[in-house]
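*Asks:* Take a look at the letters that make up each chain.
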Amino acid sequence: MLPASLDEAVAALAAMPAAVPVAGGTDLMTAVNSGLLRPAGLVGLGRISEIRGWQYQDGHALLGAGLTHARMGRPDFAALIPALAAAARAAGPPQIRNAGTLGGNIATAAPAGDALPVLAALEAVLLIVGPGGTREIPVSHLLAGREMLSPGELIGFVRVPLLHAPQVFLKATGRTGPGRAVASVGLVLDPARRGVRCAVGAVAPMPLRPLEAEQWVASLIDWDGERTLAPEALEAFGDYVAMACVPDQGDPVPPAVLQLRRTVAVLARRALGRALTS
Amino acid sequence: MSNDAATATPDAIATATALAAAAAGPQPDAEAGEPRGIGASVMPTDTRAKTEGTFPYAADLWAEGLLWAAVLRSPHAHARILSVDTSGAVAMPGVRAVVTHADVPGAPTHGRRIADRPVFAHDVVRHHGEPIAAVAADHPDTARLAAAAITVEYELLDAVTDPEQAFGAPPLHPDGNLIRHIPLAFGDPEATGEVVVEGLYRIGRQDPAPIGAEAGLAVPRPDGGVELYTASTDPHGDRDLAAACFGLEPERVKVVVTGVPGATGDREDPGFQLPLGLLALRTGCPVKLAATREESFLGHAHRHPTLLRYRHHADAEGRLVKVEAQILMDAGAYADSSAESLAAAVAFACGPYVVPHAFVEGWAVRTNNPPSGHVRGEGAMQVCAAYEGQMDKLAAKLGLDGAELRLRNVLATGDLLPTGQTVTCPAPVAELLRAVRDFELPALPKDSPEDEWLLPGGPEGAGEPGAIRRGVGYGVGMVHMLGAEGTDEVSTATVKVHDGIATVICAAVETGQGFSTLARQIVQEVLGVDEVAVAPVDTDQPPAGPAAHGRHTWVSGGAVERAAKMVRTQLLQPMAHKLGMSTELLQVADGAITSYDGAFTTTVAEAMAGKELWATAQCRPHPTEPLDAAGQGDAFVGLAFCAVRAVVDVDIELGSVRVVELAVAQDVGRILNPRQLAARIEAGVTQGVGAALTENLRTAGGLIRHPDLTGYALPTALDAPDIRIVKLVEERDVVAPFGAKAASAVPVVTTPAAVASAVRAATGRPVNRLPIRPSAAVVTGG
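So the sequences go chain by chain: D and S. With the first letter of the first sequence counted as 1, position 117 gets the number 117 in the numbering used here; the numbers rise by one all the way through. With the first letter of the second sequence counted as 1, position 152 gets the number 152 in the numbering used here; the numbers rise by one all the way through.
If you're looking for bench data, these hints aren't it; they were derived computationally from the structure. If you're wondering where the values come from, they're calculated on a predicted model, not measured in any experiment. For glycine and all other residues, C-beta sits at the position ideal for the given N, C-alpha and C. It is possible that part of the hints are untrue.
Listed next, the stretches of chain D that the computed footprint assigns to chain S, with coverage defined by at least 3 CB atoms under 8 Å from CB atoms of chain S [said to hold, decoys possible]: (1) 80-91; (2) 173-185; (3) 250-264.
Partner residues aside, some chain S positions facing chain D, computed with beta carbon under 10 Å [to be verified]: (4) Gly457; (5) Glu460; (6) Ala462; (7) Gly711; (8) Pro715; (9) Ser775; (10) Thr780.
Extracted from the complex, chain D is given alone in its bound form (with noise of 0.2 Å):
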């Protein structure tokens, strides 16, 4: 089934149940090539053209869920959100990013899923259309399973707000060319509520948040002034970020964690020190 308009693809899964909305299909055809799933039945979003592109609302910019990652890595895309501009152009390889959707990053919710970190730096919420009308789920409520999509639901757009300041991705893999994240930071300023706002991938299920380290390092920083920081303080928001997201796992603590809570430093501090230089 192609529905042309979101109503359309509602009504496509209420009257098919068992059917599984496919929107790039990088994710969800693998599990069906390997025989993981079997779908009775397969509602295909990528005629929707209302959820390809965005609007503005508020500050905000509401963004279709069938915005491609080639699409968000675009210039003028990252002149609004740099950070998931960012992780889209981070995304694999350019067949990847040519079909690769937001929303179906967000759906899949793979714990090195490169657009999660930065939408939940910037407190994204999901615009969810279902047969009931539609309701809105903060993506750190869905990415952590606190609330779930209903039979017959779809994401329609993400919400984020419009920042106008620097915002940072940066993950770390295993290989120069497009490789699968050990561990990514998405890092978003936001003077108008004085605030840093840092979240860690692949290093969870779900994106981590270190709230404690944020507002420590938003209060060091001078907002109406140079918005600078001293090497000391960044390298310690790194260690701070680092210990809040990677736990020790046993006594001692294992080399490998070790090795992942330095990564995991060194992307927060280096993020953080982009952000306030740029």
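With chain D's structure known, arrange chain S on it following the hints.
*Replies:* The following block gives chain S in isolation, referenced to the frame of chain D:
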């Protein structure tokens, strides 16, 4: 990249041209049209089809009324099979046959070298992914579901996954856990040096990861035999193995070789071919199987994970006195080629260096890990990483430059290997090493515009210039060519000329190594014809042996040359007789036949018109002998050498490594096809980069953890460095046809050692494990 290679090697290519001219061959630049003959960059005939996606691979085969096969594989690394109940599968609609060990009519076990592997496991499974049963059904999904519906009751057994535990563990197989032990002793055990360095090295499990997964089609024959259409790289070996298991005479099994989608080891796991053939024989229908990527990772053989302990003794000037080493190779559950791999590891344990005293003890042991087998440069690659690590340690201890220390020890023609074999072939190791050492270093990132930087971590990645350290390191490696230790290496080829068109019939498989192009070049060279076809390979032709260790360039190339020369004699004989001179006084070049004095000239086309000439010839290199109880013997026909200088950038906080440039100098004997040679070297170097940095098939308790190309990270275009072929040394190996040496394996062997050496230089860390993990390249407290 080929442009880079061409600009880097003008001398070498010019030499090749000169040599070709000296050998009365056509000069590639001397005439318009396609280059032809030895020394020219003749293009493969399948390039266009491969780039356009129309080249037929085994997975594209089709036959009317075919059935689809699926193989049930063990989910455990080690378990006793209590029962196998196939009734659920048999009862499924669409299922046409289910076969288990009870349905194997012939030999219950097989193996390319030692028959120790069951066709289907029946009492015990010894590794994750071992075949237990196979199903043929009218739809691939039905076949898979039916395979999943077979109920197997297991009693889990302790899996032996640490090769060091294999010695003391209960036998995993009736043949025992020790597959081979070589205690090599050479020289005086009491000798000592003034400087001693020790090291422990671990090499991971590289997968051949062919771009096309295994696939095949089995078609039953009216005479009760079967034809197997598959991308086999050793068709006659596979035929004999299959016939034994099917209980048929070899003549009733025919292996037809289809397009080979990548082969850097033994291609086509018999674990696929045998079930296919059995199902075809059972159902009387063609049966097809195309493996998933996961099955491919589970089924085929991998590079031997190896543990190496070394102690090097040297004098105060850095000259090696003694090398002591212990090498433990994890063979996995079955013997396969492990005995040969171990021989190479032990024989080359000291590297291309002169070592007066060597004591090397090697073991290949059985474990419940995934099976190990022939992968390009096996044995030689693992020890290269270790002995080059030792050379770096020695250089550091003596305060010498790494290249200088190596140069003080390099091997040359006439020196002895620790096996007691004299190196009789060209061994220009010092020349190779000097060439890479003296080549200009690449520019630092800070010398180029910021937007052109490619830091570790990739474009727009996490890399930060302040944390990047550059390192330069060296690796020198060697491999043997052709089968070792008394293997009968023989190949047969037929050359046919009909109306000026030549055909080569030889069962040497074109695996991408370029054999069919080379065969065309040889015939063009000898007979002066333009058009040469290479016939498809099947087992109705005489055997040419497996495609490994560069043997087809040597043995099959040699057979083609001999056959072509015999045809030439047949062609020239009548003419020579008429002119009253011997055939040697007539030259064939550029499509013309000319007498020595130039008085007589005719064209090849004219001479061949209306004639059909055939000749068949064999090539068999000089024999070798097995290593004896002390690891001594003339085990190798020929050796090839290579030097690599690696330049790496390391992000010392994240431990991410990017190989910036690899400068390669290689001992190639003679350049037969410059473009093809450069491509083979670049491919080998890139495979070596994978082994150095990312390629490791990880297991936990013997179970393969990520059998997919996301978990198993191959180098991408961004990971592949600039490859500079700075020198190709052409010293002809007089015993090899054309004097050429095999080129593909030795860069794979040497590159990982060079990359590790460069990371050592950048970080000051020991780097004693491959692939190099980020934690090994992090500098803390700095």
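*Asks:* Was the hint right that Pro715(S) lines chain D, CB cutoff 10 Å?
*Replies:* Status holds, d = 7 Å.
*Asks:* Counting residues of the stretch 80-91 of chain D whose CB is closer than 8 Å to a CB in chain S, do you get three or more?
*Replies:* holds (count 3)
*Asks:* Tell me if the interface restraint on Gly457(S) is satisfied: Cβ within less than 10 Å of some Cβ in chain D.
*Replies:* Constraint on Gly457(S) satisfied, holds at 7 Å.
*Asks:* Taking the least C-beta to C-beta distance, is Glu460(S) closer than 10 Å to chain D?
*Replies:* holds (6 Å)
*Asks:* Is the shortest C-beta separation between Thr780(S) and chain D less than 10 Å?
*Replies:* With a closest approach of 8 Å, the Thr780(S) hint holds.
*Asks:* Against chain D, is Ser775(S) within 10 Å by beta-carbon distance?
*Replies:* holds (4 Å)
*Asks:* Do at least three Cβ atoms from the stretch 250-264 of chain D come closer than 8 Å to Cβ atoms of chain S?
*Replies:* holds (count 5)
*Asks:* Under 8 Å between beta-carbons, do enough residues of the stretch 173-185 of chain D, three at least, approach chain S for the coverage claim to hold?
*Replies:* holds (count 9)
*Asks:* Interface hint check: Ala462(S), Cβ to nearest Cβ on chain D, cutoff 10 Å. Holds or violated?
*Replies:* holds (4 Å)
*Asks:* Grab the minimum C-beta distance from Gly711(S) to chain D and call the hint holds if it beats 10 Å, violated otherwise.
*Replies:* holds (8 Å)
Against the hints set out earlier in the document, no violation occurs for any number.
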